[in-house]
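So you can see what is in the structure, the chains are spelled out below.
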Amino acid sequence: MAGAQTHRLGNGGLIDRSAPLNFRFDGKAFSGLQGDTLASALIANGVKLVGRSFKYHRPRGILTSGSEEPNALVELRTGARREPNTKATTAELYEGLEAASQNRWPSLRHDVMSVNQLFAPIFVAGFYYKTFMWPAKFWEAIYEPAIRRAAGLGRAAGVADPDHYDKAWAHCDVLIAGSGPAGLAAALAAGRSGARVILCEEDFVPSGRLLSDGGTIDGVPAAEWLPRTLAELAAMPDVRIMTRTTLFGVYDGGTYGAIERVNDHLPSPPEHQVRQRLWRIVAKRCVVAAGAIERPIVFAGNDTPGVMMASAMRTYVARYAATPAKRLALFTNNEDGWRTVETALGAGLQIAAVIDARADVSPAHRSLASKGGFPVLHGAVSGVDGGKDGVRKIAVSLTGGARAEVEADGLAVSGGWNPAVGLTSFHRGRPKWRDDIAAFVPDGAPPGMVAAGAANGDFGLGACLSQGFAAGAAAARDAGHNGTPGAAPVADDEAFSLTPLWHVAGKGKAFVDYQHDVTASDIELAQREGFESVEHLKRYTTLGMATDQGKTSNVAGLAIMAAVSGRSIPETGTTIYRPPYVPVAIGAFAGHHRDETFHATRLTPSHHWAVEQGAIFVDTGLWKRAQWYPRAGEKDWLESVTREVKAVRGGVGFCDVSTLGKIDVHGPDAGAFLDRVYINTFSNLAVGKARYGLMLREDGIVYDDGTTARLAEDHYFLTTTTAKAGLVMQHLEFCRQVLFPELDVQLTSVSDQWAQFSIAGPKTRDLLKEIVDPAEDLSNEGFPFMGAREVTLRGGLKARLFRISFSGEMAFEISVPARYGDALVRNLMLAGAPFGVTPYGTEALGVMRVEKGHIAGPELSGTTTAADLGLGKMMSTKKDYIGRVMAGREALIAPDRQVVVGIKPADKARRLRSGAHIIPKGQTPGPGNDQGYVTSVCFSPTSDRWIGLALVERGRERIGEIVHAHDPLRGEDYDVELCNPVFYDPDGGRQRG
Amino acid sequence: MKYSIFSLARAALSGHKNWQRTWRDATPKDRYDVVIIGGGGHGLATAWFLASEYGIKNVAVLEKGWIGSGNAGRNTTIIRSNYGLPGNTGFYELSMKLWERMEQDLNYNTMVSQRGVINLYHSDAQRDAYARRGNTMRINGIDAELLDLAAVRKMIPFLNFDNARFPVQGGLLQRRGGTARHDAVVWGYAHAASALGVDIIQNCEVTGFTCDAKGKVTGVETSRGKIGAGKVGMAVAGSSSRVAAMAGLRLPIESHVLQAFVSEAIKPLIPGVMTFGAGHFYVSQSDKGGLVFGGDIDGYNSYAQRGNMPVMEDVCEGGMALMPMIGRVRLLRQWGGIMDMSMDGSPIIDKTPVDGLYINAGWCYGGFKATPGSGFVFAHLLARDVPHEEAARFRLDRFRRGAMIDEKGQGAQPNLH
Amino acid sequence: MRIVCPFCGERELGEFTYLGDAKPVRPEAGASEDEVFDYVYLRDNVAGETNEYWYHGGGCRAWLKVTRNTLTHEISSVEPAAGAGAAKVGA
Amino acid sequence: MVEFSWAPRSPLEHALVTGAHGTRGIEAGVSLTEIRNFDLIQVMARRGKGAELAKAAKARFGVTAPDAPKAVQGKDATLIWSGPDQFFVLSAGGKHTLQTLVPALSGPASLSDQSHARVLISISGVKARAMLAKLSSIDLHVGAFLIGAAAATSMDHTSVTLWRGNDRPDGLAVFNLLVFATFAESLWHTLLDSAAEYGVAISHSEELA
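Chains as they are written, first to last, in the numbering used here: chain E, 1 to 993; chain S, 1001 to 1417; chain A, 2001 to 2091; chain R, 3001 to 3209.
Just so you know, the hints here were simulated from the structure itself, not pulled from any lab data.
Quick caveat, the model's predicted, so the values are computed rather than measured.
Accuracy of the hints is not assured; some may be wrong.
Claimed, not checked - No more than 25 Å apart at the CA atoms, straight line, and that leaves these computed lysine-lysine pairs for DSS-like: (1) S/K1226 x E/K509; (2) R/K3055 x R/K3070; (3) E/K798 x R/K3095; (4) A/K2065 x R/K3070; (5) S/K1288 x E/K507.
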């Protein structure tokens, strides 16, 4: 059984004393309570040392109670669920929680890397820019690996995240960030006005600092007002309070990013549930009621475990009934810090002293001090005596120069409050300085957003309530809701008198950025070296770049820079605030788009049949296409593909080509339209005929190709390549809607409507006769090459037949409505059995197109012209078309361009590979004689050798020349002959026969 | 003051009180032989090469804000020379060779780290395209290796090899590729150029050009007054169109936003630089421990220096598809830089039609790796008035002539490059 | 970013594809190489308000002319391209 | 001579398994029903013929065809807006086919058969909106997306047509989804993943509701 919770108060707090939870930190067993965070549970167990700093490996404790925590970072969970750099201050305790400290070896208490502290005089800001340069080779070999090992904090799991994530959209009129007094008041006003409201609260319970600080609202204690208010909000159907949800970013058009930690409070998500959910929230208005963050004061030893923000100290005491110290001191420069004294006294803790940097302390606090029996010292803390076991003594420089010492086991610090200006500044807005609170406050915000309450620099409870309420009411009104918000909740404002104090001079390291070990002297050094711009300061010292994003350090850092450079703080300015407001798991941004569901999958109509056949599939864009159909006994893909090719060339085969883009082009001007988008003419195509077309981009380069059939006077059926289907549709719509709106033409994609198969081989007609109604004339006269028309199949099904050939064989493409595609393929197999019908995949398709010298993806590289591809003659000179003029530019018609040519190896037994370069024979390869490259290759069963296509300088003039294929990547060099790219049936007799 | 471990140790004894400014805080003079507009990596490198290589030391670099405040300060720090087309290949290799001697040249540790760059492929077609590219590299004397699946598995075993939508099949590896510390490159060039007499003038925005009667540029008007110049070179990627417009020029360039991301620092996880071939994602890990990653540009013209969610999601989806072990690593910061997206995806380094005005622009999202090379060839052009041989194809008139350098084959559509 | 499609209403960025500046007009047939070059390659690349073509490909497939500020991403107007909604024009 | 059968096969035939999916032991929060037997004709008005088409459609279907994102219920067909100048005619299989509509509408319009290009899925249940919020960026709030509202939109980067049909007898909203056929299996799995935590009841029907 875990040890007793030695630092837990006997009563109070919002923890469930009936629900103890066991957990382990660095292997040691502890127990906490339901309602604890890991930090509060550690505090309740008297644990002070929780981490080591980044550079010097200094012992560190818990500084805050929220997401601004720089020190108390742990590896949470184990194994594949290990989460590095998790803030103990926001991690909810659950049964069985396991956490480990980071960046130490062998243990947190005895960290050998703390030897770095000895080198601290050298390890100043930017020291690495000045050394590790000689000898040059040592950087990658020695220095850098050492630095890399030393840097970083926690360890990632290193194996796939086993949990799931998803993403969702939400819509509202008024989005509210934060559920403290301002946020709740805003929600009340907006909700009562009739607006749809979403309120995001990063904590696991709503109410913000009301939970820690209490107060009197509408004449009753906050503890009474809260449940009443939450109940009123819960009763409004269009008000949604999302706890465990942090609004982390604001994007254009009123889109906000939020992360919901759905199940991080459990050991693992329940079945079918996600770990976290990313929300894209669309809101007409947004009220930022994200509060403020208390800031430290920089003094020597301020990183000693046991030094804690004053507000955090009272949160641990009031909300968690956990005592960070038994006898504590307060160091403050403002009135608010004193609330910690009140809370501590109320909980029966001892106050050792209050060190107040201001000249005056209110009479009420004076009497509190005398009642509580502790001194009020006017001055500043100049040093802390303590170590990994916590604070022992505090050195004080009194105003006037005298020194004092205070014995205490904890030091609460309050340097004032910084409004959380992140969200309001994420559109590169810069906050403005307000002297009265010595802090930056929002100066404008992204469209539709307004800050209220503490986030706007108005810290009093009364101000938070009234501002929040007014902002909520205004937001609802702006969103078009005119309901009556009723009366605003009322409270008094607490006093907040502050005398700015950023840095107390003293001996020893005084930390500005705890996590990155940036000290006040580092900032002074940066200024000395000219890194005075705040952005230079940040980059040179790494101030504010740690996982806490500078929430506790940035303002102090630039205040010190302002002081040493003789400028005011507003002159010095802030760095740019960047989202996310808190670090967000990468997995959440991906949602379910990972593994097999990374992208959608498109399946052809014959897919499941092909699966039954044992086909091997290839990814083509989003498609799964049958690549080849292995048969028992075949030893490799080449054997299967060769068989398929031979079966087609010698008999008949079929291939699913449904992946081609298919577009219906309708309307009286359809022909005129196609004339403008293709380099060749379609308006003169006869009904019932198909034609190959080539399309250019406006810059004169080939865009896409395909056949288009004219099915009626005002109806063309256009096909695109598989790869470009969507883009061609977009391009055609651009032509139709933007370039040529005067044409009466309608376009729609029918890609998914038709299952389309290529049936090829000398026995194609024999097979088709089995499928097609006997009344249909499939003879060469009745259905000539490039014919296209609707036919009836046996059984009455209507289909379309196109007599086109990619393989160079006698071939038809047949289309049936897609739900009949599966039946068609089964019927083809049945009817074709007597002819040895063979399904073939994309590999065999590719082999046959190379044998025929047809261009495809590798040649349509986006840099080739029609002439490069040997299709220059198709370019009409009688009409305008997209790309015509730019295609005529001098370098695009230069005689030395690389053009498509066939290649075959001089040694007939040699295999070719795409990507080899073409070098003139007898020359040493170099940039000056690199004349082209091999684009496509295949083993041609018909030629019984490897053949290929290549883009080669002046290639067509050099047919017959032996050149060198140079492939140093694969260690191959061999001779090839440039040849006619049409290897098979150059006269085309077979496809016309 | 020379930087070394010895000077550092000496300085430590005096509490680091004696360090000088890294570069002089110069006041603008009336006239310079060469004025460079833009205090980013390219502008500062140009100035340093002018001074060190071409003996032209009466040079000013004018920076609107703080040096390195443009894309030099907001990129993903990758260096490589794995380009496939004539014009690019030789130039980027020139740049790579200059990276390899940068620290010694500048006496500044820019943390050039050649931990390797691998482009993964997921299909035969992609493999073939990489084979073509890798062979181009080899023919140009650049290291390149085509790895098969087994070799990739061995090298980076943590990728998703087992249930990926688009399984990794191999990769094109350039071992000499890697990363460098981007800000340090800026500071290093500033440090070294300033030492040679170059004036680096921050908070000095150029608002116009001054010309003589023949239209030759004679200087610039700035927020800190007129500054005369024998020649003016602009190296203001992201703002090229705006600056060129002051001289009456329209460019084949659009400005687009490219987002980049960094995670919380974690212990070493990823050895080198990797690019996913089936989505938009590339990643490396900084010496500080953060995963530095990015993907595609947002896709619309923008000068806003910030991006939107769809691309952020798209990039993380790519990351999770490639290596689902990063699911619980947290994204810490998101930012956006403005890219000069040119009409063919390749840069422009040339004289302009305006006499005396020279342009260095159009770097798309590849400007960082080009920094030393760009500075070198731009200095050459400014000093000699003829293009350096390795930049001979980066001419402004190549679009008019039809001699595009289009690695991606996307044509005159900048957001697709 | 959210674009108010004149046909569909307000939609999220992911449904749209960007093309570019809507100012250049495609030259008539017979235009010179210089004119077409200018149309295809040169851009004002305005930092501020500009008209541009967007495609609602993830929705109604209309091409839109969007007036947008490239410094702030603020959209001030969206119109259909001339040929989107052509059924309503006079025959 | 071989006897052929021409049995249509739904693109979801393989993936759709009727019964329960996801979280068990609770009443299913989401019902998914594929409707298999329908005709879907895309009607695109010709240039300047919008008014003429509206008249012809009114005559044919007895209702005014939508010229904004709406789904209009005629006596034997649902007319669903699918973009400017165009709408779908959705009817029970064989009711309004391309062949029967061409004579009536082809003067002012161009027609394309999309009956096989889409899969029709009906989504309802107490968690239907919660589940759709994971896939759709459209605001489906009860007051924002009324009965008859339609959208040409995307889910999971895939184009879909979404409209709200008449409520179920128990008062719950019904969302109908037309999905591209070749994407259907993939999107179906995404639907199931999104709905699994709420418990899913899966079925298919030959009948258009």
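Review point. When the hints from earlier in the document are held up against this structure, which numbers fail?
Key: 1, 5
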